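Novice: Listed here are the chains, written in short residue letters.
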Amino acid sequence: MSYPVELHSLTKTYGERTVVDRVSFHVGQGEIVGFLGPNGAGKTTTLRMIAGYLAPTSGQVTVAGHDVISSPTASAAAVGYAPERPALYESFDVLGYLHFVARAKRVRRADTASQLDRVVSACRLEAVARSEVYKLSKGYRQRLGLAQALLGQPEVLLLDEPTSGLDPGQISETREVIRSFGHDQSVLLSTHILPEVTLLCDRIAILHHGQLLAIDSPAGLATAVGRANRVELQVAAGEPSDLKERLLDISGVIRVDVDDRQVPYAVNCAVDSSGNVEAAIARAVARDWDLLALRRHDPSLEDVFLHYVEGAA
Amino acid sequence: MSGVLAVYGKEIKLYFRSPIAYFVLAVFLLGTGYFFSYNLFVSGLATMRETFQNMGLLAVILLPVVSMRLFATEYSAGTYELLATLPLAPWQVVLGKYLGALTMLVLMAFGTVLDLVPLYLFGAPETSTIFSGYLGFLLLGSACLAIGQLCSSLTENQIVAALVTVSILLGFWFVGHLQSFQTVQFLRELFLYVSFAWHFGEFIEGLARFESLALFVLFAAGALILNVCALEWRR
Chain P
1 MSYPVELHSL
11 TKTYGERTVV
21 DRVSFHVGQG
31 EIVGFLGPNG
41 AGKTTTLRMI
51 AGYLAPTSGQ
61 VTVAGHDVIS
71 SPTASAAAVG
81 YAPERPALYE
91 SFDVLGYLHF
101 VARAKRVRRA
111 DTASQLDRVV
121 SACRLEAVAR
131 SEVYKLSKGY
141 RQRLGLAQAL
151 LGQPEVLLLD
161 EPTSGLDPGQ
171 ISETREVIRS
181 FGHDQSVLLS
191 THILPEVTLL
201 CDRIAILHHG
211 QLLAIDSPAG
221 LATAVGRANR
231 VELQVAAGEP
241 SDLKERLLDI
251 SGVIRVDVDD
261 RQVPYAVNCA
271 VDSSGNVEAA
281 IARAVARDWD
291 LLALRRHDPS
301 LEDVFLHYVE
311 GAA
Chain X
1 MSGVLAVYGK
11 EIKLYFRSPI
21 AYFVLAVFLL
31 GTGYFFSYNL
41 FVSGLATMRE
51 TFQNMGLLAV
61 ILLPVVSMRL
71 FATEYSAGTY
81 ELLATLPLAP
91 WQVVLGKYLG
101 ALTMLVLMAF
111 GTVLDLVPLY
121 LFGAPETSTI
131 FSGYLGFLLL
141 GSACLAIGQL
151 CSSLTENQIV
161 AALVTVSILL
171 GFWFVGHLQS
181 FQTVQFLREL
191 FLYVSFAWHF
201 GEFIEGLARF
211 ESLALFVLFA
221 AGALILNVCA
231 LEWRR
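Sequence lines, in order, name chains P and X. Here our numbering is used: position 251 in the first sequence is 251, and no number is missing along the way. Here our numbering is used: position 180 in the second sequence is 180, and no number is missing along the way.
Derived from the structure by calculation, the hints contain no laboratory data. Hints may be right or wrong, so weigh each one.
Some, not all, of what chain X presents toward chain P, calculated at C-beta under 8 Å [to be verified]:
#, residue
1, S2
2, G3
3, G9
4, K10
5, K13
6, L14
7, R17
8, S18
9, G78
10, L86
11, R235
In silico negatives: residues of chain P with every beta carbon more than 12 Å from chain X [unchecked claim]:
#, residue
12, A129
13, D167
14, A282
As the structure is a prediction and not an experimental result, all values here were calculated from the model. Using N, Cα and C, we set each Cβ at its ideal position, and we do this for glycine too.
Bound conformation, chain P alone (with noise of 0.2 Å):
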């Protein structure tokens, strides 16, 4: 079975640098995957791997069933790219622009009107449809840029960053259109806005120095890194030393901090994902101290982030 898209081992060097490093993975049918990793993790260079704009060191790609490299021309056709910074000429006006892009992706003259009409739509461009594009705003720009990639009705889309630099309104919106092409389009979305992955995606990919560090959904991701399970606990008054040697001997409990500069005392545990800790410490904590407070943090996707990248660091 041929997934939309495809990667195997995809690796690019420039020189003595390797900026991804033997990636892969896929992308399912209707399936939205969120790229994670910061500055310089590879995730661009990945995502234009893919789009066809460079040719991988070593590794394959396919799009659609397609190689990127031996069938560009077949690939690029089944997919909807949009970089980062967009695309797009300045003395065009956004109407004229699309309509470029569509000849260009051969969508059917008699299919035209309602192509545009539809991703004009999407991305709310009508307010400024004969608009020139120097005159449009960041968030018009970005909508812009994302309504090109929806022409011709790609079976993947590749979205770059696409809310960088939009308010929190077009942010919503921008999300909107992502899921509601999201059901018919396999999509790859990189970003480093955290909650927008688990917002939007079925799986996210964590990449990191150009490697794949995890690839699962957020729930997944978050199992697989249940030792960064937190319980805090406030204590009053008593010997901390003591409290720290009580929390190590309960079964499940990795790490105690205990910070005692002030009264009452805050106390982080790491603990095991597995089974109700919390009410071991409770019980444990009860017998000798006057526990305040107690609760349990679930990673984030922060955490789950942070565990990946600073572990591979």
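Following the hints, complete the assembly by docking chain X onto the known chain P.
Specialist: Same frame as chain P, but now just chain X:
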């Protein structure tokens, strides 16, 4: 072919939505108009020979301004990322852009047709020589534009592209003069054979020789093929 036409349409729009097309056309027509009027009314030469000569030199200097932006601005503005990821083969992009530039060349040549009116009114020019001159001008321009487009594909700076193109074209224009300094027969022939001015001069004299036609076509085709290779290499 639809991909070529899409790129061609975009190029034509871009030319006429920037001042470059109007500037080049205006300077070229003013320049040729001035020389034509001078030759006709001051020197009393009711032929296109001198005007063609001036048109050729003006083309060598002005056509790099037409070709300089073809790829350099796409790179610097980031729009090449769009072009390269649309379902267009590199040759389609190269050909579409080249046809757009050729349209500018044809418009430049067409603008000078007006000069023929007083020529036929006050003189008896040879129509076949005029046709031959225009053919030579278009062939010379085609080679210049292809070389300029190749230079533009190698840099992100359009000024650099224009300066390198002008240097190359002036080199090929004046290289024929070097033959008089050469004692080696092969070099004398080589410098003459690659001289744009000499081959263009043949057309102006009414000699539309295959050898001259082939030289300009070979230069244009070679530059366009290298242009496609340059785009492939950028990946």
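Novice: A separate judgement is required for each hint: does it hold in the structure or not?
Specialist: Status of each hint after checking the structure:
A hinted interface residue such as S2(X) counts as satisfied when its beta carbon comes closer than 8 Å to some beta carbon of chain P; here the least separation is about 6 Å, so the hint holds. Given hint, G3(X) at the interface with chain P, holds; its Cβ is 6 Å from that chain's nearest Cβ, closer than 8 Å. About 7 Å separates the beta-carbon of G9(X) from the nearest beta-carbon of chain P, less than 8 Å, and the hint is met. The closest approach between the C-beta of K10(X) and any C-beta of chain P is roughly 5 Å, which is under the 8 Å cut-off, so the hint is satisfied.
Because the closest C-beta pair between K13(X) and chain P is about 7 Å apart, less than 8 Å, the hint holds. For the restraint placing L14(X) at the interface with chain P, the shortest Cβ-Cβ distance is roughly 7 Å, inside the 8 Å limit, so the hint holds. About 4 Å separates the beta-carbon of R17(X) from the nearest beta-carbon of chain P, less than 8 Å, and the hint is met. A least Cβ separation of about 6 Å between S18(X) and chain P falls short of the 8 Å threshold, and the interface hint therefore holds.
Contact between G78(X) and chain P, as hinted, is supported at the beta carbon level, the nearest pair being about 5 Å apart and thus within 8 Å. Residue-level restraint check for L86(X) holds (minimum Cβ-Cβ distance to chain P is 4 Å; threshold 8 Å). Of the supplied interface hints, the one on R235(X) holds, with its beta-carbon coming within about 4 Å of a beta-carbon of chain P, less than 8 Å. With a least CB separation of 17 Å from chain X, A129(P) remains clear of the 12 Å interface cut-off, as annotated.
Separation of D167(P) from chain X is adequate, the least Cβ-Cβ distance of about 23 Å exceeding the 12 Å criterion. No Cβ of chain X comes within 12 Å of the Cβ of A282(P); the nearest lies about 57 Å off, and the non-interface call holds.
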